[in-house]
Amino acid sequence: MNSYLWEIDTLTKAIEKYLNLIRKLKEKPDVNYKQIDNIQWKVLDLTLKLNEKYDKKYREELEKLENMDMSLNSEQDLLHQELFKREAILELSRKRERFFESLFDLNFPEEKELYELFDDIRKQQTYERTFHELDFKLVKEQIDLVAEKRKEEHALNEELQNNLETIKKLEESIMEFQKFNAEMNEIFERYIKINGIYKIDVVAAWMNKNTAMETVISYYEEKRLTGNEQNIDDAQYKNAMRVIEESNELLFNYDLAQKMRKPVNNYEELDKKLKEIVEMTTKREKEVSLRNPNMQYPNNISRRRMFFMNLAQRVEKQINIKPTIEKLKKRNQEIEKKLEILFDDVKGLREINKIITGKDVKPKFVEEIELEEESNKNNDNVTIVEEKELASKKDEDEVLEVKQVEKAKPSLLEKLKEKKSALINFIKNNAAAIIATGVLVSLSALGSISDKDVQLDKPAAAVVQQSEQKNESLSANDLLAVIEELEQKEIAQTIGDRISVNNGVKYYTNAAAAQLDTENYVTGRNGLQADKYFINRIAIMEKDTLGKPTGKILAVSSTPGVSAKELVKTLGLKEGQYEVMIHIGTGDKYGNYIEAPINAPSIDDRCWMKADDPGIKIVTPALEMLKESGKGMTR
Amino acid sequence: MKININDVITLTDNRKFLVLAETLFNETKYYYLIELTEDGEQIVDHVKIVKELKEDNGMKLVVVSDPNEINDVKDDLVASLEKNNFE
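In order, the protein sequence lines correspond to chains G and S. Each residue of the first sequence is one higher than the last, beginning at 1 in this note's numbering. Each residue of the second sequence is one higher than the last, beginning at 1001 in this note's numbering.
Rather than coming from a laboratory, the hints here were simulated on the basis of the structure. Hints are supplied without guarantee of correctness; some may be wrong.
Which bits of chain S does chain G cover? Going by a derived footprint, with three or more residues having C-beta under 8 Å, they are [as the list claims (entries may be wrong)]:
id: 1; segment: 1035 to 1044
id: 2; segment: 1060 to 1072
Incomplete in silico selection of chain S near chain G, CB under 10 Å [to be verified]:
id: 3; residue: LEU1024
id: 4; residue: PHE1025
id: 5; residue: GLU1027
id: 6; residue: LYS1048
id: 7; residue: ASN1084
id: 8; residue: GLU1087
We treat Cβ as the ideally placed atom computed from N, Cα and C, and that holds for glycine.
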């Protein structure tokens, strides 16, 4: 980068010097055009070199800007950063475009000539600048559009909130018709009382009006007959007119009260009643105002009209509450829909970049969000799978398909007589253990575990642990028994160990099957019976780095007296890297257990077992056996 | 195929069980079984509580694994076993 700058600087200065030289040569009286032409060629060559260097510098700066770190964490921030980037790129391309203009003074024909020689290059630069300008405009348009949309969003949100508040207020102001009507009736009654309408003698009012009407009629008749106004009693006429007016008012009020007291059953009927009252009062007001053109406003009659109009509006408001709420809710739904798609027209950074660069690159923060979502999705999947597995395990009740039912032999029943009490105690005390230990349990193994010891919601391992913890309160005899049991649990893994194999111990055709627990047979159920046997072979099996069995045999020995420990030591294995499988045979006390007799289990080669099977116990260690027989490996 | 106390049941996989006790609960038969060797001569000290499921073409025994269900039938099975003289 620095070398470019230095070269650009040097080349620019050199061009400037040559151009100055041309100017000086031109000032001379005898201009040497050949010399000028030569210098022009030099300038052309230098300018091409300068352009090349400048172009490299430009491309480097452009790349730097294009790869600008966009580590901000929102689309809006990124758009602003993108705009800044595009602006910088545009400025860079403008500067480059102006480069030739600043280099040559177009007032000099020689320099103009040179300038024009770079026309194609300049056109290309102009095109590139235009291209960057469009990019800049695209980003700016989006930002402006976002700003515009934000305003719209704000207005819509405000409207939405206002509508919600109005809906809340309206819902609070909804009154049951019975309650509202009772309030109205109270208002009407108060009005009747305050205005003394209840005291109106309607018959007297009618009579007074009729009498006054007669007086007025007489007055007009006399006026018509005499034609002389001077003889007529004006005072009597005026009094009659006043009586008529007062009677009219009383009769109107009486009718009004009748209307007010008319019973209604719902808002619609109440609305109709009040509208009729408003119509009555308006009509009455008009009549009075026609007769009294100079009437002042407001007056009692206009106030009465207003009073009933207000009441009518209250009723109308109640009627309109529900439709208004519905309307507002509908409007809010429209707003929500609008908000949802409001920014759909705006191009995000990813879309912009796709337009500008033609590459679909996800912004960093989008990638992070997607990764997080993916990880959550995977975790959910794991949970679902685990739950499914658990559910299927739970649902998998063992089904026994019955082939045949027959009577038991008396000899068998005789054996069961001896076990009857144990069987009763077992089901009484250990029913829960039947499930906790996987339904199928050994009587001897669970003889001492009671329901209290076994918690159904705990795994069998936890149950066993609890059982072990209970040893704290054991008696001396119990303790001895426990010690004895623990001693017996010593794993048999020396060739020549005499062992007892209980029923239920799994046995296999080969050591690999034994390690991987495939193709198994069960003592007591298949050919092999529970009895005492000898270990006649030992196989050391491999475990992988995760401690999982691989089924690979690392070593096998059939030498009497050799223990698995010694074999492992020879192989340089550590705890967890191996597993011991044993092969058993009948043999005899003289150590003839390697070549087992005919019909002995080892003949069919199906007598491989896991050395640590709990159903296998050492009866006599190999060393003692070998001592007795005098055979075996010399140590 | 009817199952009674002291019957030996042979399964399709040749496993053998002896019926120690039985009870009827919610119209379903429950049995307390003990496993035998393949030849049916020896006891294998493994026990199961099963219930009978009648099907069109035979019968199935389902191992009971619900602790509540076991508790429901346990006492009746004990009573049935107490009455069994293995004769």
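Residue hint S/ASN1084, partner chain G, criterion CB-CB below 10 Å: Check passed: Cβ of S/ASN1084 comes within 7 Å of chain G, closer than 10 Å.
Regarding the hint that S/GLU1087 lies at the interface with chain G, is the smallest CB-CB distance below 10 Å? This hint holds: S/GLU1087 lies near chain G, its Cβ roughly 7 Å from the closest one there, short of 10 Å.
Tell me if the interface restraint on S/LEU1024 is satisfied: Cβ within less than 10 Å of some Cβ in chain G. violated, 17 Å
Would the stated hint for S/PHE1025 survive a check requiring a Cβ distance to chain G of less than 10 Å? At 14 Å from the nearest chain G Cβ, S/PHE1025 fails the 10 Å test, so the hint is violated.
Closest C-beta approach of S/GLU1027 to chain G relative to 10 Å, hint status: This interface hint is violated because 19 Å lies over the 10 Å limit.
Per the CB criterion, is S/LYS1048 less than 10 Å away from chain G? holds, 6 Å
Can you tell me if the segment 1060 to 1072 of chain S counts as covered by chain G, using C-beta to C-beta distances under 8 Å and a minimum of three residues? holds (count 10)
Verify this for me: three or more residues of the segment 1035 to 1044 of chain S with a beta carbon less than 8 Å from a beta carbon of chain G. holds (count 9)
When each numbered hint is compared with the structure, violations occur for hints 3, 4, 5.
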